[in-house]
Amino acid sequence: MIDLGVSIAGIDLENPFVLASGILDENGYTLVEVLRSGASAVVTKSIGLEERKGYIPPVVYELPYGLLNAIGLSNPGIERYSHEISIALREKKPIIGSVFGSTPEEFAHLSRRMEDFGVSAVELNLSCPHVKGYGQEVGSDPNLVRDIVRSVKRKVDVPVFAKLSPNVSDIQAIAEAAIDADGFTLINTVKAMKIDIYARQPVLSNVYGGLSGSAIKPVGIRYVYEIASNFDRPIFGVGGITTAEDAVEYIMAGASAVQVGTAVARVGKRVFNKLISEMRDFMEREGFSKIGDMKGVALRR
Amino acid sequence: MKPGQFIMVWVPGVGEIPLSLSTIEGRRKSITVKRYGIVSQALLKYKPGDRIFLRGPYGTGFTQTEERNLIIGGGSGMAALRPLINDKSFGMVSAKTGDELLFTHEFKENSIMIMTDDGSSGLKGFPSDYLESVDIDQFAKIYACGPELMLKALYYKLKDARPDAEFSMERIMKCGIGICDSCSIDGRQICVDGPVVRVGEINPDGEFGHQKLDISGRRIEIHL
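So the sequence lines, in the order shown, correspond to chains A and B. Each step along the first sequence adds one to the number in the working numbering, with nothing skipped, and position 146 is 146. Heads up, the working numbering is the position in the second sequence plus 301, with the first residue counted as 1.
Bound-form chain B, shown alone (with noise of 0.2 Å):
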């Protein structure tokens, strides 16, 4: 299991849903829960000793490093990100409101900025907002995840970083193994080439942050 991968998590008479693997850490792993439909409820009604029904893990991890990273994570894009955290991460964490931040205390007290949409905690605004007041140049790698506005707008300000940043991309999942097309973005299925994508195979002038395909497979354009 890597960082970046994740696992569809089945709740019998329920449904199914993909998590991020928020802890990789030997024999321990955790998936962290955010209250949106059915599943994720049925999940945080959950008591420890609970069994859990699983498969995976699947898709593509991100490229680790032992140096200094760059973590820029919006709402819970951040359990994906979480393992990569690091003694010398630098965090930008994000979220609509204050309430939604994740992990914020797993970074260096002065290596995390803060940004919240709404400014209630923090700065007000986006990570890319904010992006020019660090020095991208003293990142070994920089990785990012979080709702796909988000990554399209850290897309032009790290397209030129060298090494490529890594993003962890997201889109509707039904089957996870590359089959009903759910996922794509431009060909490319996100459950097995994914969800780790470089920037530098990125083409922003397709689907990525203009249009992807809904539940039933309509053609929709991606708004804030």
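Bound-form chain A, shown alone (with noise of 0.2 Å):
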């Protein structure tokens, strides 16, 4: 008897595939059909503060191997997205809400509507950009992380994920900024860009952009296998899902469940079940009669 349902940071989820944020998740209705296909809950786009309506497109670029997006977090800001949110949770599925801001008190706030709203765990987005300037993201300041993190913790009782991102480098220094979390999403996309030689110009208007899809799969990989052996909070992996096979390795990388982005716009919203079905045959094959059984066995003790 093959059990997909698995526990993460006390959400119980009917099975491991969760939406990534930022895929087919401005509108409420949609959000539904994404539930209706399978997956176990949903992750919302990041919402902030203000209401923005993103940069000019172009704001993707397709890649054989992945995506570059540079969508720019446009969103309703915080108070309209609740509407959202109520169509939803129709569905009686956990809703995840991923919230972005500037400031620690502006993630508490955040992360406080979106419980009122009904959430049944917040996801810190912390590649948003530094107000510093210099192109630095939120999640590259080891203080402002701290700061962010124990500010929600003091403002929410659901779980809170920081949703960690690859462009840094020390992933230690981050992961232990953020330990006051519930568990931790790994990863956010790399920072990248797309030139194209007869327009002799970046294609994306914002010039870089977040590669995500295949590519990224092997640094997701790595991230959720350093941050499962030094710490003892439970991960999200996401990157670069397409199969069951990709969603198992990095469940023996130490992940509890994945999310899945790039894969829903590449496949369809189709992907959550045919995601499903794989995993099925391949815990028959392979002997494992619960996800949780497959957990963290690749790490090195």
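Heads up, a few of these hints could be off.
[What the hints assert, rightly or not] No more than 27 Å apart at the CA atoms, straight line, and that leaves these computed lysine-lysine pairs for DSS-like: (1) 513/B x 53/A; (2) 389/B x 409/B; (3) 53/A x 335/B; (4) 513/B x 453/B; (5) 93/A x 513/B; (6) 409/B x 397/B; (7) 397/B x 335/B; (8) 389/B x 453/B; (9) 132/A x 194/A; (10) 92/A x 513/B; (11) 303/B x 425/B; (12) 460/B x 389/B.
[What the hints assert, rightly or not] Computed list of chain B residues with no C-beta within reach of chain A, every gap over 10 Å: (13) 325; (14) 342; (15) 389; (16) 406.
Keep in mind the hints are simulated off the structure, nothing from the lab. Here a beta-carbon is modelled for each residue, glycine too, at the ideal position from N, C-alpha and C.
Put the complex together from the two separate chains, hints included.
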């Protein structure tokens, strides 16, 4: 009897496959469709205090092995987004509210509002721009990360996931700074860009974007393995998952559950049912009856 | 490439917009551009021989027929419908004013009905106002493309027609590839599960014709 159920930071999921933030999560009706397509939970678009239009297109560029995006954190502002959450909650599945801000107070306020709106957990998008400029992300500053996580934890009761950026030189320092979080989401997109040699200029209007998809899976696996080796916190693995085998790789590296983003765009919402059926086949063939039996088996003690 | 599909056209340094393919004839393709924002204005300055940057084609196409078809277009919606026009087509071509009517000459003389909002050309009003005067049973396929409220009114008149009429829908698009959720109607992404939608699949009590999300994701009512 194969059991796909998992529990992560106290949230029970019927399977380990969750929609990642930033993919098909702007409209509550779409979140409903994603949940009906087999996702056990959804992470919302990253929401901030103020309405943001986002960047002028081009905001995406497709590569054979991944995707570049610089959508620009477009969102209607936290108060308006509550309507989309209330639509999504009709499916009675966990909604994880993703938030971004510039200060600990903003992150805390946003997290509290997400909790008020009925989310089962919040996820802190630490890849948002640092106000200090120079293109740095909030998540590259350990002191700021520490203050953000602590402020949020003081304000909410639901589990708090810190979504860490791979664009840092010392992930250990960042994870240590975020240690008050109930779990980590690893990883956000890898900072990258594309130049069109015939136009002789960058394609994305923001010049820089985040690379996601198959190309970054080895990067995500490395970060999950490293953090799972050194910290005792549940981990959402994310980055380049297209098949159940990719998900198993993350789970064996230490993840309790995984998130899927780019693959939903490539394959469609039916990717979730595909992952579920592939996972059953894998577990049957390899003799695993529970997802938890695979967790962290690749970690060297 | 199929009639109904679109491409994302990039004007380097300016922006990127979705445009329907208005010609699909072997190697010959076209897009039809109306002066609207900065990207369309930049495209209108292009000269023959200039390089055009595009990605695609994206989206679903119309189900074609060799038989009689009814083509109902509003404004620049005619661009998406143009590749469907054949010798047996009947056109209901409409626009806000006479200046904005497109491709009326592509229909045979007795096979076209023209409507304008202001009556400056042809009949005054919208295609849905005049659909009763057309015997829709004679058509193997019915296609429509235009402003959402035009399509909404047509929906009620066409929902029982068989085979299903097909509408080409339009919403704000940013990515064009099923990621950003900007173009969704009732959970369906118009860029990957559209723009062509069968009338039987439309939920008249959902977002279609009522609400949409604007460029920041703010939910707004659709008004005239």
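Status of each hint after checking the structure:
1. Restraint check: the Cα-Cα separation between residue 513/B and residue 53/A comes to about 15 Å, which is no more than 27 Å; the hinted pair holds.
2. Taken as a hint, the residue 389/B and residue 409/B pair is honoured in the structure, with Cα atoms around 8 Å apart against an allowance of 27 Å.
3. For the given pair, residue 53/A sits about 24 Å from residue 335/B by alpha-carbon distance, which is consistent with the 27 Å threshold.
4. For the proposed pair residue 513/B and residue 453/B, the alpha carbon gap of about 14 Å is at most 27 Å, so the pair holds.
5. Our distance criterion of 27 Å between C-alpha atoms is met by residue 93/A and residue 513/B, whose separation comes to about 24 Å.
6. For a cut-off of 27 Å, the pair hint linking residue 409/B to residue 397/B stands: about 22 Å separates their Cα positions.
7. Under the criterion of a C-alpha separation no larger than 27 Å, the hint pairing residue 397/B with residue 335/B is consistent with the structure, at around 14 Å.
8. For the given pair, residue 389/B sits about 26 Å from residue 453/B by alpha-carbon distance, which is consistent with the 27 Å threshold.
9. Annotation: proposed proximity of residue 132/A to residue 194/A holds, straight-line Cα distance about 25 Å (limit 27 Å).
10. Taking the CA atoms of residue 92/A and residue 513/B, the gap is near 24 Å; set against the 27 Å cutoff, the hint holds.
11. Distance restraint check for residue 303/B and residue 425/B: the Cα-Cα separation of roughly 33 Å exceeds the 27 Å cut-off, and the hinted pair is therefore not satisfied.
12. Of the supplied pair hints, the one linking residue 460/B and residue 389/B holds, its CA atoms being roughly 23 Å apart against a limit of 27 Å.
13. Listed as a non-interface residue, residue 325/B keeps its Cβ farther than 10 Å from every Cβ of chain A; the least gap is roughly 22 Å.
14. Under the 10 Å C-beta cut-off, the non-interface status given to residue 342/B relative to chain A holds; the minimum distance is some 14 Å.
15. The beta carbon of residue 389/B is kept farther than 10 Å from every beta carbon of chain A, the shortest such distance being approximately 36 Å.
16. A cut-off of 10 Å between C-beta atoms confirms that residue 406/B is not in contact with chain A; the least separation is 33 Å.
Of the hints listed earlier, the one the structure fails to meet is number 11.
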